[in-house]
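First to last, the sequence lines map onto chains A and B.
So the first sequence is residues 1 to 505, counted in this note's numbering.
So the second sequence is residues 1 to 256, counted in this note's numbering.
Hint data in this document are derived by calculation from the structure and do not stem from the laboratory.
Treat the hints with care, since some could be wrong.
[Claimed, not checked] Sample of chain B residues lacking proximity to chain A, with all beta carbon distances greater than 10 Å (derived):
1. SER18
2. PRO70
3. SER71
4. ASP72
5. ARG74
6. GLN83
7. GLY85
8. LEU102
9. LEU103
10. SER106
11. LEU136
12. ARG148
13. ALA152
14. GLU184
15. ASP230
[What the hints assert, rightly or not] Partial pick of chain A residues on the chain B-facing surface, computed with a CB cut under 10 Å:
16. GLN123
17. VAL128
18. PRO131
19. LEU132
20. VAL202
21. SER361
22. ARG505
Backbone N, C-alpha and C fix where the C-beta goes; we use that ideal spot for every residue, glycine too.
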Amino acid sequence: MNEQLALLPAYLTAHLQLTLLALAASAAVSLPLGIAATRVRWLEQPALAIAAVIQTIPSLALLAVMVPILATLQLQSIGFLPAFIGLSLYGILPMLRNTVTGIAGVDPTLKEAARGVGMTPAQQLRQVELPLAMPIIVAGLRTATVWTVGMATLSTPVGATSLGNYIFTGLQTRNFSAVLVGCVASAVLALLLDALVHSLEVGVRDRRPRLVAVAGAVTAALYLYTVGSLAGSLVSEGDRPISVGAKGFTEQYVLAELLTQWIEQETDQPTAQRQSLGSIVAFDALAAGDVDVYVDYSGTVWANVMGQTGTGSRAEVRSAVAQYLDETHGIQIAATLGFENAYSLAMRDEDADRLGIARISDLPPLGLTLSMGGDLEFFSRPEWTAIEEVYGLRLAEERTMDAGLMYQAAAEGAVDLISAYTTDGRITAYDLRVLDDDRGAIPPYDALVMVSGRLVEERPDVVEALGRLDGRIDVEAMRQMNLAVDEGGENPASVATEFLRSLAR
Amino acid sequence: MIELRGLSKRYGDRFAVSELSLEVAKGELLVLLGGSGSGKTTTLKMINRLIEPTSGSVRLDGEDVAALTPSDLRRRIGYAFQQVGLFPHLSVSENIGITPSLLGWSPDQIRERVDTLLRLVELDPDEMRDRRPDELSGGQQQRAGVARALAARPRVMLLDEPFGALDPLTRQRLQDSFIRIRRELGVTAVFVTHDMTEALLLGDRIAVLSDGRMVQVGAPAELMRAPANDYVRQLLDTPRREAALVDSLLSTENTA
């Protein structure tokens, strides 16, 4: 718990930066636009419609879609910017709609009185309409505040640090105290910010200058701190830290730690990690140079990025991938770590024995009596389509679930098959058996340390240091490390340290 | 003081007001009298440009009101209407002092003026000054509304059925107060009503409107003596007719 809480200041600061700045941006757009929409009649429908459509996009998707959009515009595609833009867009609807409703809802009698006493339209807005609409507008602001604090936790997969880092990492590594810290912290933050807005409103409405002063001071202090810390981090870009990426599962966290410690050890370069990135987000970020290095798998690039449906030998696939990466994206392979982490179909030992199943081609006759659990990506991946086609496999049920929970699901019999990772120690720990891919539907998955073209150009020394990891990790070693985290409850950083120490011997 | 020349207001193919010409003398109270749809409120609102005329002109002290910006014009004209429209988020004194504050008077000047006006409309300044409008009765709100209309010392007041929503006793009290105030200040006023009795009580002259046109204008006695048509005659006879009806009702009850 203590090591979790040690991360709190950093995560909380980052979360505040995202939330407060996104809210300011949303308000800056919504309030003037809302006021304009009450003046220029035809503006109201389109403005509200667009905001509503944005709202229907699932928040995670909205954040994720920012990545390729910004990459195309040659802007920073992962990290603060896409999260900030996505969050700002999301906060618009509640504030815009409430501004319009609030102002439109002012008694027409009062608007007539305002004109009658000699107010100009601007005075009418400022002295009558806005004050009377304020409760509704502030309600919109409070809604937006609470939503934004919650939604900011989803910034983690697009590379922006937030309290969500606790939650995503915790879910993957089954560290529920981390998840708890993340949830409690964001809930408390949401309540505090909401209370702050409410105090300001009450203070203004009931004319309590001291309350306004206190709430105003706290708000100002938060904003100063947020902007200051953000500016500070931008300024110290002098020696840009090496950005190490990690996708969203245990092996990735371990390998990211390993790369981080290795780089720092071998080259004295500061590093920064971006964890829990989605597969495509990680790849796009590497191609754009916003991430410098991460570990991906030859089969993943082969099937998902290159769109290949067939397969080949381990060496064939690796060299095809290397060539493609270089020619199309300028990405280099700094090292081939020496193990494969392939998708496989796994089944409980006792079930496999009882049903006489040793290979995937044994499955089709029984297909419609079987259910399968897959990770968040598996069933939409081309590899699965390939397995279905090559083996003529049709199952009764396909369930998508968190990778961390898959193994338990199989062990308990909630599903009959799972898409297990071959380096996952939980295969043996939970008495599961990997079924032989006898018709070779699944491509090889060599673990590759991929580096951006930018890193090759700017820091060849780092690339060279990474090269020294070539062939240093075998399947058994990786499995042990994964098992230590998943079942042993150790954290990825210390597991990586242990391994590097063993390398040195 | 006020000159309406050939004033018209068209909505689509319907004329709410049609070729209306009228003069209001300085210090006079002119009543615009008519039923619903007669165009009386529309006419009133064209004077302070809450409604813009389709054609024709309005002159205030010789000056075409279209030459001024609407807000400047309205700061020179007191406007009170039936729903009162006191701003709920402001105190009574802030409401009354609104036009002076728009004109840039000093806070001291405003405060003094507000107290004077509160007394003028028979509200106790100490009691009423800091109250919110929703703490006032209907009659008190309307008194405050009249005070607000008078705050910046306008020479012209426009009133749109200001006492229409009040009970008969309150209405009578307010009518009496209003007569007294007008006598004290000498303000020129245009007063819209559909209540014949009110028109007869308050008006120096009455302009009878029907269907957007002016049927007849003159002092009450003149209209009674020589009504221009049956409509005017029946209209002006209404109070007497009603009183006679009430009388006969009460006497039959007494004998029954």
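Hints, verified against the model:
Chain A leaves SER18 (chain B) outside its interface by the beta-carbon criterion, the shortest separation being 24 Å against a cut-off of 10 Å. Distance check for PRO70 (chain B) against chain A: the nearest CB is about 8 Å away, which does not clear 10 Å, and the non-interface claim fails. Residue-level check failed: SER71 (chain B) sits 5 Å from the nearest beta carbon of chain A, not beyond 10 Å. Distance check for ASP72 (chain B) against chain A: the nearest CB is about 7 Å away, which does not clear 10 Å, and the non-interface claim fails.
With a least beta-carbon separation of about 4 Å from chain A, ARG74 (chain B) fails to lie farther than 10 Å from that chain, contradicting its non-interface assignment. With a least beta-carbon separation of about 4 Å from chain A, GLN83 (chain B) fails to lie farther than 10 Å from that chain, contradicting its non-interface assignment. A Cβ of chain A approaches the Cβ of GLY85 (chain B) within 10 Å, the least distance being about 3 Å, so the stated non-interface status is violated. Here LEU102 (chain B) does not stay apart from chain A, with its beta-carbon only about 5 Å from theirs, under the 10 Å limit.
Annotated as non-interface, LEU103 (chain B) brings its C-beta within 10 Å of a C-beta of chain A; the closest such distance is 8 Å. The claim that SER106 (chain B) is not at the interface with chain A holds, since no C-beta of that chain comes within 10 Å of its own (minimum 18 Å). With a closest Cβ-Cβ approach of about 15 Å to chain A, LEU136 (chain B) is found to remain outside the 10 Å limit, as its non-interface label requires. The non-interface label for ARG148 (chain B) is inconsistent with chain A: the shortest C-beta to C-beta separation is roughly 7 Å, within 10 Å.
With a least beta-carbon separation of about 8 Å from chain A, ALA152 (chain B) fails to lie farther than 10 Å from that chain, contradicting its non-interface assignment. With a least CB separation of 22 Å from chain A, GLU184 (chain B) remains clear of the 10 Å interface cut-off, as annotated. Non-interface status of ASP230 (chain B) relative to chain A is upheld: no Cβ of that chain comes within 10 Å, the nearest being about 36 Å off. Taken as an interface hint, GLN123 (chain A) checks out: its beta carbon lies about 7 Å from the nearest beta carbon of chain B, inside 10 Å.
Annotation: VAL128 (chain A) was flagged as interfacial toward chain B, and the flag holds, the nearest CB pair being 6 Å apart, inside 10 Å. Contact between PRO131 (chain A) and chain B, as hinted, is supported at the beta carbon level, the nearest pair being about 5 Å apart and thus within 10 Å. Given hint, LEU132 (chain A) at the interface with chain B, holds; its Cβ is 6 Å from that chain's nearest Cβ, closer than 10 Å. At about 14 Å, the closest approach between the beta carbon of VAL202 (chain A) and any beta carbon in chain B exceeds 10 Å, and the interface hint on this residue is violated.
Taken as an interface hint, SER361 (chain A) does not check out: its beta carbon lies about 78 Å from the nearest beta carbon of chain B, beyond 10 Å. Contact between ARG505 (chain A) and chain B, as hinted, is not supported at the beta carbon level, the nearest pair being about 77 Å apart and thus beyond 10 Å.
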